[in-house]
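Colleague: Kindly generate the complete structure, drawing on both the sequences and the hints.
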Amino acid sequence: MKAAEPAGIIVEERSDFIRTKGRQKQQLKCDADSIAGCVSQRACVYCGARVVLNPVTDAIHLVHGPIGCSSYTWDIRGSLSSSADLYRFSFSTDLKEHDVIFGGEKKLARAIDELVQKYPSKLVFVYSTCIVGVIGDDLEAVCKAAAQRHGIEVIPVQSSGFIGNKSAGYRAACDALLRLLRPPEGKGLAKTRSINYLGDFNLAGEVWIIKNYLKEMGVEVNVAFTGDSNYTSLKKAARASLNIVQCAGSMYYLAEKMEELYGIPHMNISFLGLEDTSASLRKIAAAFGDAAIMSKTEELIARETARVKDAIQWYRRKMEGKKAAIYVGGGFKAISLIKQFREIGIDVVMIGTQTGRQEEYDTITDLVDDGTVILDDANPSELEKFMTEKGAHLLVGGVKERPLAYKLGMAFIDHNHDRKHPLSGFVGAVNFAGEVYSTLCSPVWNYI
Amino acid sequence: MKNQSYRNVNENPCNMCMPMGGILPFKGIERSMVIIHGSQGCSTYMRRHIAEHFNEPIDVASSSLNEKGTIYGGEKNLKQGLDNLIKLYNPGMIGILTTCLAETIGEDIDRIAAEYKAERGLDRLPLITVPTPGYGGAHSEGYWLAVKRIIASVAEKTRLHSRVNVIVPNISPADIREIKRILQLMKVDYTLCPDFSDTLDRPFVKPYVKIPEGGTRIEDIAAMPGAPVTIQMGVTVDEGMSPGKYLEEEFGVPLVNVPIPMGVRATDAFLDTLRHLTGRERPDILEAERGRLLDCMIDSHKYNFQGRSVIFGDPEIVYAVASTCMENGIYPVVAATGSKGAKFSEAIKKILAGCPDETDILNEADFTGIREKSRQRGANIAIGHSDGKFLTEREGIPLVRIGFPIHDRVGGQRLLSVGYTGTGMFLDRVTNTLLERKHSNYRAAMYEKYYTGTA
Numbered sequence: 001m002k003a004a005e006p007a008g009i010i011v012e013e014r015s016d017f018i019r020t021k022g023r024q025k026q027q028l029k030c031d032a033d034s035i036a037g038c039v040s041q042r043a044c045v046y047c048g049a050r051v052v053l054n055p056v057t058d059a060i061h062l063v064h065g066p067i068g069c070s071s072y073t074w075d076i077r078g079s080l081s082s083s084a085d086l087y088r089f090s091f092s093t094d095l096k097e098h099d100v101i102f103g104g105e106k107k108l109a110r111a112i113d114e115l116v117q118k119y120p121s122k123l124v125f126v127y128s129t130c131i132v133g134v135i136g137d138d139l140e141a142v143c144k145a146a147a148q149r150h151g152i153e154v155i156p157v158q159s160s161g162f163i164g165n166k167s168a169g170y171r172a173a174c175d176a177l178l179r180l181l182r183p184p185e186g187k188g189l190a191k192t193r194s195i196n197y198l199g200d201f202n203l204a205g206e207v208w209i210i211k212n213y214l215k216e217m218g219v220e221v222n223v224a225f226t227g228d229s230n231y232t233s234l235k236k237a238a239r240a241s242l243n244i245v246q247c248a249g250s251m252y253y254l255a256e257k258m259e260e261l262y263g264i265p266h267m268n269i270s271f272l273g274l275e276d277t278s279a280s281l282r283k284i285a286a287a288f289g290d291a292a293i294m295s296k297t298e299e300l301i302a303r304e305t306a307r308v309k310d311a312i313q314w315y316r317r318k319m320e321g322k323k324a325a326i327y328v329g330g331g332f333k334a335i336s337l338i339k340q341f342r343e344i345g346i347d348v349v350m351i352g353t354q355t356g357r358q359e360e361y362d363t364i365t366d367l368v369d370d371g372t373v374i375l376d377d378a379n380p381s382e383l384e385k386f387m388t389e390k391g392a393h394l395l396v397g398g399v400k401e402r403p404l405a406y407k408l409g410m411a412f413i414d415h416n417h418d419r420k421h422p423l424s425g426f427v428g429a430v431n432f433a434g435e436v437y438s439t440l441c442s443p444v445w446n447y448i
Numbered sequence: 001m002k003n004q005s006y007r008n009v010n011e012n013p014c015n016m017c018m019p020m021g022g023i024l025p026f027k028g029i030e031r032s033m034v035i036i037h038g039s040q041g042c043s044t045y046m047r048r049h050i051a052e053h054f055n056e057p058i059d060v061a062s063s064s065l066n067e068k069g070t071i072y073g074g075e076k077n078l079k080q081g082l083d084n085l086i087k088l089y090n091p092g093m094i095g096i097l098t099t100c101l102a103e104t105i106g107e108d109i110d111r112i113a114a115e116y117k118a119e120r121g122l123d124r125l126p127l128i129t130v131p132t133p134g135y136g137g138a139h140s141e142g143y144w145l146a147v148k149r150i151i152a153s154v155a156e157k158t159r160l161h162s163r164v165n166v167i168v169p170n171i172s173p174a175d176i177r178e179i180k181r182i183l184q185l186m187k188v189d190y191t192l193c194p195d196f197s198d199t200l201d202r203p204f205v206k207p208y209v210k211i212p213e214g215g216t217r218i219e220d221i222a223a224m225p226g227a228p229v230t231i232q233m234g235v236t237v238d239e240g241m242s243p244g245k246y247l248e249e250e251f252g253v254p255l256v257n258v259p260i261p262m263g264v265r266a267t268d269a270f271l272d273t274l275r276h277l278t279g280r281e282r283p284d285i286l287e288a289e290r291g292r293l294l295d296c297m298i299d300s301h302k303y304n305f306q307g308r309s310v311i312f313g314d315p316e317i318v319y320a321v322a323s324t325c326m327e328n329g330i331y332p333v334v335a336a337t338g339s340k341g342a343k344f345s346e347a348i349k350k351i352l353a354g355c356p357d358e359t360d361i362l363n364e365a366d367f368t369g370i371r372e373k374s375r376q377r378g379a380n381i382a383i384g385h386s387d388g389k390f391l392t393e394r395e396g397i398p399l400v401r402i403g404f405p406i407h408d409r410v411g412g413q414r415l416l417s418v419g420y421t422g423t424g425m426f427l428d429r430v431t432n433t434l435l436e437r438k439h440s441n442y443r444a445a446m447y448e449k450y451y452t453g454t455a
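Chains Z and G are the protein sequences, given in the same order. Under the UniProt record's numbering, think of the first position of the first sequence as 1, with each following residue one higher. Under the UniProt record's numbering, think of the first position of the second sequence as 1, with each following residue one higher.
It should be emphasised that the hints constitute simulated quantities derived from the structure, not laboratory data. Remember, it's a predicted structure, so these values are computed and weren't measured experimentally. A couple of the hints might just be wrong.
[As the list claims (entries may be wrong)] Listing some non-contacts, in silico: residues in chain G with all C-beta distances to chain Z over 12 Å:
id, residue
1, 7
2, 174
3, 185
4, 250
[Claimed, not checked] Beta-carbon label-pair distances, calculated as ranges:
id, chain 1, residue 1, chain 2, residue 2, range
5, G, 83, Z, 294, 57 to 67 Å
6, Z, 298, G, 454, 48 to 58 Å
7, Z, 117, G, 71, 32 to 42 Å
8, Z, 26, G, 108, 36 to 46 Å
Yeah, the Cβ is synthetic: ideal placement off N, Cα and C, and Gly gets one too.
Modeller: See below:
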């Protein structure tokens, strides 16, 4: 039996989520529920929450639910730590049928007691999963009682999978962080001349790279959210005088809340690519309005740019004229990638995200050339169709997209959370170009 | 030998959830697709995990349940999901797997599936429902239950024929190919189910097709009740989930449960079963392979005797590896599975009879438990899937990867460990790991022990 497969088909309900620049006037639809059966590449609320909170190094990360949720997220991210490593453990209440019928509250309380005794920590995040929301466990009450019992913070994360998509999980994580950094009643923190760095998870040491730049400029980083952060550093978050936000998708809500609650202004930055890195460093320096900082910043930019310029040019000559397709989690990364590809002479012919916001898609539309396909919450069939039609030579994506690219005989860039090399800052720009070169110009393509 | 007791918290899981295991058999059925009835994340996480192991695109749909569907029922989502899945893939079979969420809100997928078929006039499209709540068992149980449900849904009373049923657990595509080669060498006609040897390890060919070619043919599954015998590699499978038991009880097909053919005894047993069936002796080529395996075992026996193994993973694989280790003096000091496995403990105790060391047998194990026992018992080699990496990182015990998932190394799909040849290759991986460990530290160890006297 050999039945034909529908080739290059687009499900009707999906057509509003796909636009070709210059062809359609109507705005792209986004930020909506995934359509059943379309094989969305999106993850869930819990995933979003776990991604954001997991880099908190000295916390106990306890998943209240059946085993799968904990199993699939155990130490799969490349966040690095300068001290504690408890975050690399995945704890679960491992709910069984009995618990689902009779409730999991007592088991959760006992699990927290056991863990706190075994792994002394001042902070426990308790993640809610799908069924916790349905069986009606009072997470809030169990966490509150446990916090009082142990004299530590036990923070529930409302991340039941069905309440939305990954973005809802970002929000749940930000809510948990807001609870953590709330100063005790009447004990406001004195402001310092330092900044918080939001939306960097210290993959392959990226937070450290950026901190070094800022240090050289004379800017102190108070705490990074959440790469290489810990209980003590996060507790002091409210004393910063500026929040810079990189991964806006996951962190703009936190930034807005911190502005509202603690009067900390925020600005969006990006350290992906030479252009964005330089512009962002200047923007931060300007925010301080300090001549010394500004001149040190220019020195740093000049020196680092000079250091990497030849390498980037070399790569550019090798790869000029190639076409890229982008399918990543959030809008911030997609936008930066367009510019970063431009730096090495590569045009973007297809671009999409899992959870990009309307304003991010507007920026993307402004940046790309006419004829570029823009799509939200794409599926493998659409990725295959448009990458093939547009003649893309490489795809940037996550783990699930990689084998699709390879099976299509295309180069692939891993721009995900489990990568082992930094893509941030000046050094990251060279790494990025090097990775593109290693996959575009590999001899293996001569044999297919 | 000791068994572990109840606990409140799982620290670093040694297993995945039931629907995850349920996806895999469907990937081994011709033109088959799966939809997971639950929230979007389940299918995405499972796809990611499976894709990383096999390095293959893994398309699995989701009914993408949202808040509304959770409160008022997900029937509409599931039906819409099936519509879209059919539009996009035109599959020949669809597996409908539930999740924690769908089961907890009481979704009746049998009714929904039956209604859907009637409403859409899809009488000939098999929709196979499998209840796989994440709290119902580990991925191994999901795997077996899905195989059983596929067979139970498709099998028909049919005239007797000569094709032997061969039912395999979650082994590598390379292993399945080797079992097929052995069957061919023994001139046995067979229906192997599920056969993901091509679908989850496909050759690079142009143009790309969304559903890979290969897999067990549905008409062959339908004819399984007419087989002379079922050979099932499932000595640890509970009867309620046993596909072979089902064929025996419903259709009177005799069941022979054998271990995965790994090691001399188990491969001999598999071939003996085939010999009884066909009256044919082992062909020369297999005789030579057997001889080479014995040669390999003798060549390496002293190195292997240094091994104190900790073995973990799916019950069936742990059983096969433990058996092979026993044959070679790599005595198991810990044998663990994340599954519940009542039959696992019994079966493995028999295998370990005669083991000079005491062995901890762990059911529903987690990696913190496995690490503790490994440390206490002085294990020096770990054999299992990638999640055992902390044994290396934290305890300095090198890990030989086998089973599922292997996500921190390439080639999980190409690892060959069954049959005489595969066993030899597996043993070489183990022996060389022991040797590497020895070579990397013996100079310093001897120096410290005998020259400086500091050790």
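Colleague: All hints, please: hold or fail.
Modeller: Now the hints, each set against the structure:
no. : hint                       : result
1   : 7                          : 8 Å, violated
2   : 174                        : 17 Å, holds
3   : 185                        : 28 Å, holds
4   : 250                        : 25 Å, holds
5   : G:83 to Z:294: 57 to 67 Å  : 59 Å, holds
6   : Z:298 to G:454: 48 to 58 Å : 55 Å, holds
7   : Z:117 to G:71: 32 to 42 Å  : 38 Å, holds
8   : Z:26 to G:108: 36 to 46 Å  : 40 Å, holds
The earlier numbered hint that this structure contradicts is number 1, and it is the only one.
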